[in-house]
Every structure is written in C-alpha cells, then in structure tokens.
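J.: If you want the building blocks of each chain, they are given just below.
2 protein chains.
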Amino acid sequence: MAQLSVGDAIEKATALLVATGLGREKAEASARLIVASDRWGIGSHGLMRLPFYLDRLLAGGINPQATMKLVTDLPSLAVFDGENGLGHWQLQMAADEAASRAKVNGIAAVGVGRSAHCGALGLYVWPMVNQGLVGIAFSTGPAVMPPWGGNEPILSTSPMAAGIPTTPPTIVDLATSAVARGKIAAKAQAGDPLDPGWAFTKEGVPTLDAKEALVGMLAPLGGVKGYAIAVLVESLTGVLIGPSMAKDIPDMFAADQAALPQGISHFVIAIDAEKLSVDGDHSRLDKFPEVVTEAGGRLPGSGRVNPDDITDADVISITDQVAEQISHWSTKLGI
Amino acid sequence: MAQLSVGDAIEKATALLVATGLGREKAEASARLIVASDRWGIGSHGLMRLPFYLDRLLAGGINPQATMKLVTDLPSLAVFDGENGLGHWQLQMAADEAASRAKVNGIAAVGVGRSAHCGALGLYVWPMVNQGLVGIAFSTGPAVMPPWGGNEPILSTSPMAAGIPTTPPTIVDLATSAVARGKIAAKAQAGDPLDPGWAFTKEGVPTLDAKEALVGMLAPLGGVKGYAIAVLVESLTGVLIGPSMAKDIPDMFAADQAALPQGISHFVIAIDAEKLSVDGDHSRLDKFPEVVTEAGGRLPGSGRVNPDDITDADVISITDQVAEQISHWSTKLGI
Chain X
1 MAQLSVGDAI
11 EKATALLVAT
21 GLGREKAEAS
31 ARLIVASDRW
41 GIGSHGLMRL
51 PFYLDRLLAG
61 GINPQATMKL
71 VTDLPSLAVF
81 DGENGLGHWQ
91 LQMAADEAAS
101 RAKVNGIAAV
111 GVGRSAHCGA
121 LGLYVWPMVN
131 QGLVGIAFST
141 GPAVMPPWGG
151 NEPILSTSPM
161 AAGIPTTPPT
171 IVDLATSAVA
181 RGKIAAKAQA
191 GDPLDPGWAF
201 TKEGVPTLDA
211 KEALVGMLAP
221 LGGVKGYAIA
231 VLVESLTGVL
241 IGPSMAKDIP
251 DMFAADQAAL
261 PQGISHFVIA
271 IDAEKLSVDG
281 DHSRLDKFPE
291 VVTEAGGRLP
301 GSGRVNPDDI
311 TDADVISITD
321 QVAEQISHWS
331 TKLGI
Chain G
1 MAQLSVGDAI
11 EKATALLVAT
21 GLGREKAEAS
31 ARLIVASDRW
41 GIGSHGLMRL
51 PFYLDRLLAG
61 GINPQATMKL
71 VTDLPSLAVF
81 DGENGLGHWQ
91 LQMAADEAAS
101 RAKVNGIAAV
111 GVGRSAHCGA
121 LGLYVWPMVN
131 QGLVGIAFST
141 GPAVMPPWGG
151 NEPILSTSPM
161 AAGIPTTPPT
171 IVDLATSAVA
181 RGKIAAKAQA
191 GDPLDPGWAF
201 TKEGVPTLDA
211 KEALVGMLAP
221 LGGVKGYAIA
231 VLVESLTGVL
241 IGPSMAKDIP
251 DMFAADQAAL
261 PQGISHFVIA
271 IDAEKLSVDG
281 DHSRLDKFPE
291 VVTEAGGRLP
301 GSGRVNPDDI
311 TDADVISITD
321 QVAEQISHWS
331 TKLGI
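Chains X and G, in that order, give the protein sequences.
If you read the first sequence in the numbering used here, its first letter stands for residue 1, the second for the next number, and so on.
If you read the second sequence in the numbering used here, its first letter stands for residue 1, the second for the next number, and so on.
Treat the hints as calculated values from the structure; they're not laboratory data.
It cannot be assumed that every hint is accurate.
[Stated by the list, open to error] Below, simulated DSBU-like cross-link-like pairs (lysine-lysine); rule was C-alpha separation at most 30 Å, straight line:
1. X:Lys183 x X:Lys202
2. G:Lys287 x X:Lys247
3. X:Lys103 x G:Lys103
4. G:Lys287 x G:Lys103
5. X:Lys103 x X:Lys247
6. X:Lys247 x X:Lys287
7. X:Lys103 x G:Lys69
8. G:Lys287 x X:Lys287
9. G:Lys183 x G:Lys202
10. G:Lys247 x X:Lys287
11. X:Lys183 x X:Lys211
12. G:Lys287 x G:Lys247
13. X:Lys69 x G:Lys287
14. G:Lys183 x G:Lys247
15. X:Lys202 x G:Lys287
16. G:Lys69 x G:Lys12
17. G:Lys69 x X:Lys287
18. G:Lys103 x X:Lys69
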C-alpha cells in the first residue's frame, strides 16, 4: 500500500482530469469526490477508477466538454442531459439544484440522463444532509443481476443512497445486490465457497462456486424482495430517465468499450426535513440515534467521515497497483 | 373458507365502520381498500383486520371524527395531522393530494402524521400509476425488528411500496422484514424450523426455532443492508413526521391497548413519470416489462389486479373465523 495526503491526491487527480480536456472546476469537483471515497476506505470507488475514467475521457466514452443541458424545468423537478459527461460533477450539480429547489418547495428532484459513472453514491447525499435536508439518490450501470428466477442480467447493482439529518447523520449507502463483485473475486482467489444467496451461474442457477459466479451474475439482497427494490432503482433511472436501461450500458472496465458512451442516468430527491414534523417537534432527529445505540445497534453510516470534515492533510492508502497506474498516466499525460 | 362478493363485503364493512361513528364517505373509501386486499389474496391486511379497527374506533384508539388538518403547505409538500383517524381513507387522500401537486410541480410529497394502520401499502400507489405517475409510499407501525446486531425492537416491518406506470404497471410492495410474522406462526404450528435470516430470539440472537422467534423479533431482509433500508423507511415516517417512532407505537392487536392512539405516520411521493425522460422517448416504459420477461423473470406486481378493474361481482374468500367475527360485530353494532 502507498500512502498520500488527500490534498496531494486531489491535486494529482485534478491535473490528470484537466489533461484530458475537462475544465478545471469540474475536474477538481470530481477529484474531491473520487478521493473522498478513498478517505472512506472505499478504494473500489476511489482512485482505483481514475485510470478507467481517463481512458474513457480520451477515447470518447466520456465527453470532457460536456455541459448539463436543462431539458425539463418544472418548479420541483429538473431533468438535465449530461451530454455523456463524467458523473461526479454532474450528480453533485444535480444534488445542489435539488437542494435549492427543495428549500423553496418542500421537496424537489433532479434527474441526469446521458451521464457516466459517479463513484460512491453516498457522496452526494452528504451536502443535502449538511443543509438540513433529506437526500436520496439512485443510479444505474451495466447489467449484472437477472430478474428473480431469470437467466440474463438486466439490472445493475442498482445502488441507492439516502441521508437523514439526524444527529449524527444517518447515511444509507448500498447496492441492492447481495454483495459486490469484489467480494466474490476475493473468495475465488482464496478458493473459498460463497455464502448462499450471493450469486448465480451464467444460466441463473444459484451457486456457491466463486469462479462460476465470477462469470455468472450477482444475486439481489434478500432474494425476491431485493429484486423488487432493484427494479425500483432501475425504473427511476434507466427506464424513466434513460437513455439507456442497464442491459444496454457498456462495461466501464472493458477497454474495447471505452469509446462507447454509457448513457447512465442518476436521480436525486431532496426534502426539507424540518417541514415534515406533524407536531413541530424536531427532537426525534436527536433521539433516533440514541434509540439505535440503546438497543445495541449502530446507526447506518456512523463510520463515515462527513466530507465537510475531510481536510487536505488527511492521509489515504491506495494499493501499489493503483499508485503505479496513476504514475503511468501522469507520464502519459505529461503531468 | 367463506365466499362473498366484493360488493357485499364493501357494503358490510362500510356499515360496520359507519356504526362506529365514521362518516359514510370515509367509511366506504376505507372499506373498498380493505376489501381490495382480500381480492388480492392478502387476507392478512383485509377483512381480518376489520374487527381490530372497529374495536379501536369504539375504544378511542382510532378517532371516528378525525379530519385531515393541514399543518404544512408548501408548493410540493403538504403535511397533515390525521387526528388519530383510520389510515385507509387518510393515506388515500394523501396520495390524491400528492398526485395533484406532482402534475403541476413535477414531484410532490404528502406526509400524514398522527394516523393509524392503513392496510396493504401497495393499495395507495395504484391510483397514481393509473394517472401516469410514479407513486412511492412508506409507513410505520409497532416495533418488531432490532437494529442490526441489537437486542431490542426499534423498527416496524418498515413497509414500502412503489408503482411505476410501465405497461403493464410495475408494483413493488414489501415489508423490509425478511418475512411476515404470519409465516413464522405457520412454521411454529407445523413444527418446522425457520430458514436462516428470518428471525431473532428476544435477546437478539439469530434463531431457527419458530416458537422462540414468535416471542422474539423479526430480522430485516438481506441482513445489514435490509436494516439500513428499514431505517430509511422509519426515518421518513416515525422520525421525521411522527409523532411516534416505531418503538412507541402501541400494538394494534393488543385489546388492552385499543384505547391508545398509535400515532402512526405515512409518507407518499408522486412523480410525473413522463417528465423524467431525458430524450423524450417513453417507449422504455413498454420495453422494460418485455426485457424482464425475455430474461425469464416476472415483473414485480404482475400478479396484482388493478384496483380499477375490481368489480362488485368479484368474489373473495375469507376464513370462517373472520366470517364469524364479522357476524359477531354485525350483531354487536346492530347492522
């Protein structure tokens, strides 16, 4: 593992993104979000992905010149065409827009269509929570899960995230697949069997064989109910916003598809939390975390650092492989 | 099992509700919703519950004179004080209100606090779907689930429902507990062990013993992720709307608590589906159900009859016990 400061990591990632043609402001916003994932210890959605973004930005799969084009503008709902831009800065802008509109109207939503991967979805609910809003976010991606009982992938990991301005904040951030592909890869490497309910063979048969699962499909969390939740996520993104449903979204990791725009969509909802109370009592926002703790549990997201509290001096760890790739790309792009 | 027509069942249920003091219009709206559950084959949320509602209406736990008092009125968000009224007509009115506001603003939400049980949550998303809207509903109830790793119940079954106006409609309708208590009771009666992941002992230890589970707690679907989703549902209802969090909500089935208002809250979101498309293409709403079927799966909710298609001549089955209780209540209330 290599260690570097958050400040250095953001500077490096920004420079690399700028070198592909992305504007500095969008590049830095995206870099901050990418590095925040590493700061959270979610390396899988952090700098590890940067080389793939860079590859796509150069190959045409992600458009460095993209703007957010407003295509629908109702008082509480805006839909933007992301023009195949990088998902990070686009979803952040969408969340800011939803937040502003929610403060006026009580609730507001923003959809971004024709976008790309946005990293860890949980990142985008924090700014809303920090303004006293409930934030909910959905996204889609390449298909990795079959319908329940089915035999072909049609759903992405169907991630959803939500933040509630309790004290401390409640942060829900999950894929509706039972586990991430990385967890299956680790079992395959160790030669261990999977837990039941994690994966299917490529024919859609439940399997405990990690190697079969790697060429197969992920299973939804909790069986048929998780499938239904994944369908809701896919409906609110790929089906309703579009342009692409999960089954038509190119794989980000496939080098031969780097020139193909992914057509990914994101959907974010902001709600003015204070306005919801029926009795004007807001103390339940303080009490709920206590209730969870007193019952012997842990508030979802309580292990996460508030992005507002991440400083440039914080230190992140990246694998040697990721460090090498970033070094390779720095040479390639003349940074 | 006894059989009766939907028309007769609605007439009977309406008369019984009116006899407790509930206005005819509210009584009939509620009766239709209750009987629709039986028509769907979800007897557990249908006429089986009516005696408990009647008991509470007479004892004071549900207020027959309740109105919906508007306490927050923003362009896209309304919150009503349900004045301890029956949840059915109240959530229906909330869904209608959310639908009207969503048609103007793109998205809208309505919260109802200080309400009571509303039956099957899936009922309330259909009218929105039938108007071309996405409908999403959340509710709370008495605590039956611990936090993940915890040892005291603090979450209700935390139900959520969603309808998407695909052709045919996609209907998600689920409790975020792994299974319903009734399924555990059936295992206990049969002397069969539970599946792993269904339940905890009253100390919070995972158990396969159905009898221990019946005096214990339900487990969330899919483990810790299901717990997080349940927390989101509870946050959007009990915590934010209130007045009661799940842990403070009296049990509907406990006769000695029939005089205690439950303080239940519901939250519904409506979204103008047509407005979400980034490319003006609405054909994905037709294609998605085909994609599911072609992949060997089943669209969530495809087994459900559209409430608009339920006719008075349709026949429902109720258990002999439910038939007897309704007959008993008819005598008691002089119907």
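J.: Decide, hint by hint, whether the structure agrees.
T.: We went through each hint and held it up to the structure:
1. This hinted pair checks out: Lys183 (chain X) and Lys202 (chain X) have alpha carbons roughly 18 Å apart, not beyond 30 Å.
2. Taking the CA atoms of Lys287 (chain G) and Lys247 (chain X), the gap is about 12 Å. The hint holds against a cut of 30 Å.
3. With a C-alpha separation of about 19 Å, the suggested pair Lys103 (chain X) and Lys103 (chain G) falls inside the 30 Å cut-off, and the hint holds.
4. Between Lys287 (chain G) and Lys103 (chain G) the alpha-carbon distance is near 24 Å, which keeps this suggested pair within the 30 Å criterion.
5. Restraint check: the Cα-Cα separation between Lys103 (chain X) and Lys247 (chain X) comes to about 36 Å, which exceeds 30 Å; the hinted pair is violated.
6. As the CA atoms of Lys247 (chain X) and Lys287 (chain X) are separated by approximately 43 Å, the hinted pair breaks the 30 Å bound.
7. Restraint check: the Cα-Cα separation between Lys103 (chain X) and Lys69 (chain G) comes to about 23 Å, which is no more than 30 Å; the hinted pair holds.
8. Taking the CA atoms of Lys287 (chain G) and Lys287 (chain X), the gap is near 45 Å; set against the 30 Å cutoff, the hint is violated.
9. Pair hint Lys183 (chain G) plus Lys202 (chain G) holds up; C-alpha atoms about 18 Å apart against a cutoff of 30 Å.
10. Proposed proximity of Lys247 (chain G) and Lys287 (chain X) is supported: the alpha carbons are some 12 Å apart, at most 30 Å.
11. A hinted pair counts as satisfied when its Cα atoms are at most 30 Å apart, and Lys183 (chain X) with Lys211 (chain X) qualifies at roughly 12 Å.
12. With a C-alpha separation of about 43 Å, the suggested pair Lys287 (chain G) and Lys247 (chain G) falls outside the 30 Å cut-off, and the hint is violated.
13. Proposed proximity of Lys69 (chain X) and Lys287 (chain G) is supported: the alpha carbons are some 26 Å apart, at most 30 Å.
14. Between the alpha carbons of Lys183 (chain G) and Lys247 (chain G) the distance comes to roughly 22 Å, so the proposed pair stays at or under 30 Å and holds.
15. At most 30 Å may separate the alpha-carbon atoms for a hinted pair to count; Lys202 (chain X) and Lys287 (chain G) meet this at roughly 23 Å.
16. Restraint check: the Cα-Cα separation between Lys69 (chain G) and Lys12 (chain G) comes to about 29 Å, which is no more than 30 Å; the hinted pair holds.
17. Simply put, Lys69 (chain G) and Lys287 (chain X) have alpha-carbon atoms about 26 Å apart, close enough for the 30 Å limit, and the pair holds.
18. Using a Cα cut-off of 30 Å, the hinted pair Lys103 (chain G) and Lys69 (chain X) holds, with the two alpha carbons roughly 23 Å apart.
Figure legend: structure checked against the earlier numbered hints; hints not met, in rising order: 5, 6, 8 and 12.
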